[in-house]
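**Student:** Sequence:
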Amino acid sequence: MSHIHLPHNHGEHNEEFLNIASNTEGFQAVADVFRQLSDGNRVRIFWILCHCEECVINLSAMMEMSSPALSHHLKLLKSAGLIVSRREGKEVYYKAADTPQVHLLHEMLEEQFEFSCPLCDK
Numbered sequence: 063m064s065h066i067h068l069p070h071n072h073g074e075h076n077e078e079f080l081n082i083a084s085n086t087e088g089f090q091a092v093a094d095v096f097r098q099l100s101d102g103n104r105v106r107i108f109w110i111l112c113h114c115e116e117c118v119i120n121l122s123a124m125m126e127m128s129s130p131a132l133s134h135h136l137k138l139l140k141s142a143g144l145i146v147s148r149r150e151g152k153e154v155y156y157k158a159a160d161t162p163q164v165h166l167l168h169e170m171l172e173e174q175f176e177f178s179c180p181l182c183d184k
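Residue numbers for the sequence shown follow my numbering, so the first one is 63 and each next one is one higher.
Don't take each hint at face value.
[What the hints assert, rightly or not] Below, computed lysine-lysine pairings styled on DSS-like, alpha-carbon distance capped at 25 Å:
#1 K152 with K140
#2 K157 with K140
#3 K157 with K137
#4 K137 with K152
It is worth saying that the hints were derived from the structure and are not from the lab.
Put together the whole structure using the sequences plus the hints.
**Tutor:** Spelled out as structure tokens, the structure:
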């Protein structure tokens, strides 16, 4: 249980709350995901990959970005667990990871910025 001693006990915080709040690794993991989305290009790439699976060449053309620059962004998004890849011959295809967290981030982007994919049912 929590070993945190609060100087003022206002009766608002239970031990479960204090235990969760003291989980610095968990909060750091969340901050790392948001750090990956702190770049507009990565947000755009993430949004595209929420709607389709694409190869680096096509993504480069969509983003008007060189393949090496795009690959750098893809590596960061993948390390954050936001996207996944699969290889088919020499081609590597990327798409958004199928996790509740990714679905929530996708929904948040579309709600916050009032843009949506014409392929999604809303």
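**Student:** All the hints need checking, so say for each whether the structure fits it.
**Tutor:** Verification of the supplied hints:
no.: 1; hint: K152 with K140; result: holds, 19 Å
no.: 2; hint: K157 with K140; result: holds, 10 Å
no.: 3; hint: K157 with K137; result: holds, 12 Å
no.: 4; hint: K137 with K152; result: holds, 17 Å
The structure is consistent with each of the numbered hints, conforming to all of them.
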